[in-house]
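Enquirer: Sequence:
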Amino acid sequence: MLGVLDAVAARVSQFLMSSFRAGSGASIVARREDDVTREVDLAAEEMAYHMLREGFKEGGILYAEERGVYRWGDERYIFVLDPLDGSLNYAAGVPLFSVSLAAGRYREGTLSDLEYAVVAVPPTGDVYTAGPQLGARKNGKPVKRVPRSNIVFVAVSNSFPEKTCEVVRRLGLRGRSLGTSALELVFTAEGVARGFVDLRGRLRLLDVAGALTFGKYVSGFKYVIYGDTRPDSRISIIAGDEEFVNAATAI
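Under the numbering used here, the letters of the sequence shown match residues 15 to 265, in that order.
Careful: at least some of the hints might be erroneous.
[Claimed, not checked] Below 25 Å or equal to it, Euclidean Cα-Cα: the simulated BS3-like pairs (lysine-lysine) are:
no. : residue 1 : residue 2
1   : K152      : K71
2   : K230      : K155
3   : K230      : K152
4   : K236      : K177
5   : K71       : K158
6   : K177      : K71
7   : K71       : K155
[As the list claims (entries may be wrong)] Quick list of simulated restraints, FRET-style, between CB atoms:
no. : residue 1 : residue 2 : range
8   : L185      : E122      : 30 to 38 Å
9   : L110      : G215      : 33 to 41 Å
10  : N260      : G189      : 14 to 22 Å
11  : E60       : L185      : 41 to 49 Å
12  : R90       : V43       : 30 to 38 Å
13  : R190      : R25       : 24 to 32 Å
14  : E72       : N260      : 15 to 23 Å
15  : A44       : L110      : 42 to 50 Å
These are computed hints drawn from the structure, not numbers from a lab.
The C-beta atom is built at its ideal place from N, Cα and C for all residues, glycine as well.
Let the hints inform the model, and build the full structure from the sequences given.
Expert: This is how it looks when you write it as structure tokens:
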């Protein structure tokens, strides 16, 4: 399974970088709530869907960013996709965005079903993969969490809970935001940051399903989700090493 997921992420990454360099795909084609859909989002999602359907002809359910749920065959597998996490960065010409894809055998239709993951970073070429046999890997090499900063990634927008600021202040950390939650979480899993905090209740689980699935194979990485764990749910989350998570949840 992981081989197909890797191929899908690689093809989508290639497409995204080609479009990014050409300055195309940023036009907005739909708006909903606090988000927008761009041409490149739809094109990347359709590409991934067709590759998954071809690779898993028996059947599957794909939860995706733009068009919702795709179903085919006997629906034995579950896939959760964000083909472009960081679309605002993409549209602004900032070369920092990611492709997030996770999968597993369909059982409950929740995060717990997911066993395999790929988070690709097209601008850098880095690829994070995970599965039961191989564990967590970055560019093919095993990942061991090595804490190496006092950074905490925080989700900020027009408004966000005061607790987010309290976590950063009380724990003596430095808040940062990259504009792509999937990448922030894999960075946190490998120790680039101490933690990740998004308490707005607006983060879509499908945005970070790949990163969270990757993280469960990294010793020393922990997360707490507030909300439903179905792929199309909106959640709040605190993630990082156990000491950070315990301290942050206690505030």
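Enquirer: Given the hinted pair K230 and K152, is their alpha-carbon gap at most 25 Å?
Expert: Holds: K230 and K152 sit about 14 Å apart, inside 25 Å.
Enquirer: Is the hinted pair K236 and K177 satisfied, with a Cα-Cα distance of at most 25 Å?
Expert: The hint holds at about 19 Å.
Enquirer: Taking the CB of N260 and the CB of G189, does the distance hold inside 14 to 22 Å?
Expert: Distance hint for N260, G189 holds at roughly 19 Å.
Enquirer: Do the alpha carbons of K230 and K155 lie within 25 Å of each other, as the hint requires?
Expert: Holds. K230 to K155 sits at ~16 Å (cutoff 25 Å).
Enquirer: Are the Cα positions of K177 and K71 separated by 25 Å at most?
Expert: Distance ~46 Å between K177 and K71 Cα, so the pair is violated.
Enquirer: Note whether the CB distance of R190 and R25 lies within 24 to 32 Å or breaks it.
Expert: Holds, at about 30 Å.
Enquirer: That 30 to 38 Å hint for L185 and E122 (C-beta), does it hold up?
Expert: Holds: the Cβ-Cβ distance is about 34 Å, inside 30 to 38 Å.
Enquirer: Straight-line Cα separation of K71 and K158 no greater than 25 Å?
Expert: 35 Å, violated
Enquirer: Can you tell me whether the CB distance of E72 to N260 sits inside 15 to 23 Å?
Expert: 42 Å, violated
Enquirer: Given the hint of 30 to 38 Å, check if R90 and V43 actually sit that far apart at their C-beta atoms.
Expert: 32 Å, holds
Enquirer: Take the C-alpha atoms of K152 and K71, compute the straight-line distance between them, and say whether it is at most 25 Å.
Expert: Violated. K152 to K71 sits at ~28 Å, over the 25 Å cutoff.
Enquirer: Given the hinted pair K71 and K155, is their Cα-Cα distance within 25 Å?
Expert: 30 Å, violated
Comparing the model with each numbered hint stated earlier shows that hints 1, 5, 6, 7, 9, 14, 15 do not hold.
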